[in-house]
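Number of protein chains: 2
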Amino acid sequence: MKGKLIGIGVGPGDPELLTLKAIKKIQQAQVIIAPCSRFEEDSVALNIVKEYIQEDTIINKMIFPMVHCQETLQKAWQQNVEEIVEKLERGQEVVFLTLGDSMIYSTYIYIMKSIKEAGYRVESVPGITSFCAVANHMNVSLAEGEEGLSIIPFKNNEVLLENALREGNNVVVLKPSHNPKALASLLEKYGLQESFVMCSKCGQEEEETTTDIKVLKESKIPYLSTVIIKNNKSRDRVKEVGSINGKKERGK
Amino acid sequence: MKGKLIGIGVGPGDPELLTLKAIKKIQQAQVIIAPCSRFEEDSVALNIVKEYIQEDTIINKMIFPMVHCQETLQKAWQQNVEEIVEKLERGQEVVFLTLGDSMIYSTYIYIMKSIKEAGYRVESVPGITSFCAVANHMNVSLAEGEEGLSIIPFKNNEVLLENALREGNNVVVLKPSHNPKALASLLEKYGLQESFVMCSKCGQEEEETTTDIKVLKESKIPYLSTVIIKNNKSRDRVKEVGSINGKKERGK
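Chains as they are written, first to last, in the working numbering: chain A, 1 to 252; chain B, 1 to 252.
Everything labelled a hint here was simulated from the structure, so no lab data went into it.
It cannot be assumed that every hint is accurate.
When chains are identical, the list treats them as one kind, so a pair holds in a single copy or across two.
[To be verified] Below are the EDC-like pairs computed for lysine to aspartate or glutamate, each with C-alpha atoms no more than 20 Å apart in a straight line:
| hint | residue 1 | residue 2 |
| --- | --- | --- |
| 1 | Lys113 | Glu144 |
| 2 | Lys201 | Glu123 |
| 3 | Lys175 | Glu144 |
| 4 | Lys220 | Glu188 |
| 5 | Lys189 | Glu162 |
| 6 | Lys113 | Glu146 |
| 7 | Lys175 | Glu146 |
| 8 | Lys155 | Glu144 |
| 9 | Lys113 | Glu194 |
| 10 | Lys24 | Glu51 |
| 11 | Lys116 | Glu144 |
| 12 | Lys24 | Asp14 |
Next comes chain A alone, as it looks inside the complex:
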């Protein structure tokens, strides 16, 4: 019988946020694929699960290069798909690790589609998303009642973010480090400068949180940051974001 590809969401970083299902699949895996951007680099996802990997499981680092050249990228990805297909043809169960949830902005999605199209079985296991982890860590709600919630990866798409803010949705901004000044301008434009909270390196030693728009305007923002914008006109926004439980607050 041909093998199966199993995508596992390993959550945002804390091994305690692994699900029982993820652990079971990792313990049973014949082959574990740990994506990383360079071979000499550690796989963050692999570090999260390492204590559950059995001795006879084969660990396979797989390089997904972070380059702009489409040709290089496509070649590398295609090669990775072919490598997985080989294993599936040998009947192996192949576990593919992914940070956060398997179905939200993950490399696994592309791999899964190719493998599915090639006619193999796939199974995906959900994980705790980074934005849920951040919101819980800070005791700040993401959405209540009939509020909408938009998740926006902020890069070259200010229009997407502006539309979400205009519609009154609560918004999670992923990767605000790409353009924190543009984010600050939009917050001010919609009167939301006191209605957001940013958490950087959530749960790590160097964690920093802020509710101060000056930080967005004037500082360099760490890559691993998440912004939650409370955009419900009917609520007392400041009250909620003003009482977050951060370890260290910047700019205040």
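Given the coordinates of chain A, assemble chain B onto it according to the supplied hints.
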């Protein structure tokens, strides 16, 4: 020392989707609060975690009535907050169970805010959201690359949904049973009638999935349903939603 309120996201229903952290907190709990809408009713959240509850843990069913009368509601909720405050004053660690994630559309959010305002410590533990569980179960991605993702609880807010569709975001529609005909009309208006998938009673024996708009137009939709709309104009939508791995497909 005064006690602490701990909100635990117990995920969508499958006990295997509990996190290690949730299990640890449940095992250590002195008091577990299990919300339900009537006393004679089972608490779904309690059923998910029951095998981890220790013998000496006090289980406290707490009624959050599903009524329209604001006065009755507020009285019941205030009484619940007071009951929790009493326990915290006695120095107890109080675990409050919540389906899915603690910070997304949960009863716990309101309780947490009141308890935090009253000056007590709170801690929140994230859980697997229903929409992540559904997407993984069906191997359908929620968002890729720079796509936006909107979560919309669909009740009396067609405008919210229409805006999200117009902006080109992928959309998760929660509670489509409230008005499946209106949902079908909007999908057709934006040319998305072949770009959605609905899963009802995900992971249960009676699970049903469909990609057929006729089902939305003509059938009664179960309460526990989730719709995922793939709204990226640049992708081949039908291909992806047409190859879901459902147990039983309706209307085809």
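To see whether the hints hold, each was checked on the structure:
In this assembly of identical chains, Lys113 and Glu144 lie within 20 Å of each other by CA distance solely across copies; the values are 12 Å between and 33 Å within a copy. With identical chains, the CA atoms of Lys201 and Glu123 are at most 20 Å apart between copies only, with a shortest distance of 18 Å across copies and 30 Å within one. Proximity of Lys175 and Glu144 under a CA criterion of 20 Å is satisfied inter-copy only: 14 Å between copies versus 24 Å inside one chain copy. For a Cα distance limit of 20 Å, the shortest separation of Lys220 from Glu188 inside one copy, 19 Å, qualifies, whereas the shortest one across copies, 45 Å, does not.
In the homo-oligomer, the alpha carbons of Lys189 and Glu162 lie at most 20 Å apart inside one protomer (9 Å), although the nearest pairing across protomers, at 23 Å, exceeds that limit. In this assembly of identical chains, the alpha carbons of Lys113 and Glu146 lie at most 20 Å apart only when taken from different copies (18 Å versus 33 Å within one copy). When the C-alpha separation of Lys175 and Glu146 is checked against a cutoff of 20 Å, the pair qualifies only between copies, where the shortest distance is 11 Å, while the shortest distance within a copy is 26 Å. Taking the closest pair of Cα atoms, Lys155 and Glu144 come within 20 Å of each other only across two copies (13 Å); inside a single copy the shortest separation is 27 Å, beyond that limit.
In this assembly of identical chains, Lys113 and Glu194 lie within 20 Å of each other by CA distance solely across copies; the values are 18 Å between and 41 Å within a copy. Proximity of Lys24 and Glu51 under a CA criterion of 20 Å is satisfied in both settings, with 12 Å inside one chain copy and 17 Å between copies. When the C-alpha separation of Lys116 and Glu144 is checked against a cutoff of 20 Å, the pair qualifies only between copies, where the shortest distance is 17 Å, while the shortest distance within a copy is 36 Å. When the C-alpha separation of Lys24 and Asp14 is checked against a cutoff of 20 Å, the pair qualifies both within a copy, at 17 Å, and between copies, at 14 Å.
Checked against the numbered hints above, the structure breaks none of them.
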